[in-house]
Amino acid sequence: MSAALLASVSLVAAADEMIPPESASRFAGKDGMVCGKVEKARYAEGSEGQPTFLHMGGAFPRHTFSARIPGSAR
Numbered sequence: 004m005s006a007a008l009l010a011s012v013s014l015v016a017a018a019d020e021m022i023p024p025e026s027a028s029r030f031a032g033k034d035g036m037v038c039g040k041v042e043k044a045r046y047a048e049g050s051e052g053q054p055t056f057l058h059m060g061g062a063f064p065r066h067t068f069s070a071r072i073p074g075s076a077r
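With this note's numbering applied, the sequence shown covers 4 to 77.
Misleading hints may appear alongside valid ones.
[Claimed, not checked] Across the chosen pairs, the derived CB separations fall in these ranges:
id : residue 1 : residue 2 : range
1  : Ser69     : Glu20     : 34 to 42 Å
2  : Phe63     : Ser26     : 12 to 20 Å
3  : Glu25     : Phe56     : 30 to 38 Å
4  : Arg65     : Arg29     : 17 to 25 Å
5  : Lys33     : Arg77     : 20 to 28 Å
It should be emphasised that the hints constitute simulated quantities derived from the structure, not laboratory data. Positions of the beta carbon are idealized from the N, C-alpha and C atoms, including for glycine.
Generate coordinates for the entire structure from the input sequences, incorporating the hints supplied.
What follows is the structure in structure tokens.
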């Protein structure tokens, strides 16, 4: 599965248009699908809920968008 597909699958998609990571902040509180290259992924095995973090729109810590996938949804 490609990283971009993984990022878009992890978010609820109700909008017809794809949102670039750089524009995601304008859609805060709304449903949408953020699509782009995942620059870095990190599995936080020792954290509560064992989440996976996906960083898009640049490498961490200068990224423009982050997605958190709870361990139960992986």
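Evaluation of the provided hints:
Taken as a hint, the range 34 to 42 Å is violated for the pair Ser69 and Glu20, whose Cβ atoms sit roughly 21 Å apart. Distance hint check: the CB atoms of Phe63 and Ser26 are about 19 Å apart, consistent with the given range 12 to 20 Å. Between Glu25 and Phe56 the C-beta distance comes to about 18 Å, which lies outside the given range of 30 to 38 Å. A beta carbon spacing of about 19 Å between Arg65 and Arg29 agrees with the range 17 to 25 Å that was offered as a hint.
The hinted window of 20 to 28 Å between Lys33 and Arg77 holds, with their beta carbons roughly 25 Å apart.
In this structure, the hints that do not hold are numbers 1, 3, in rising order.
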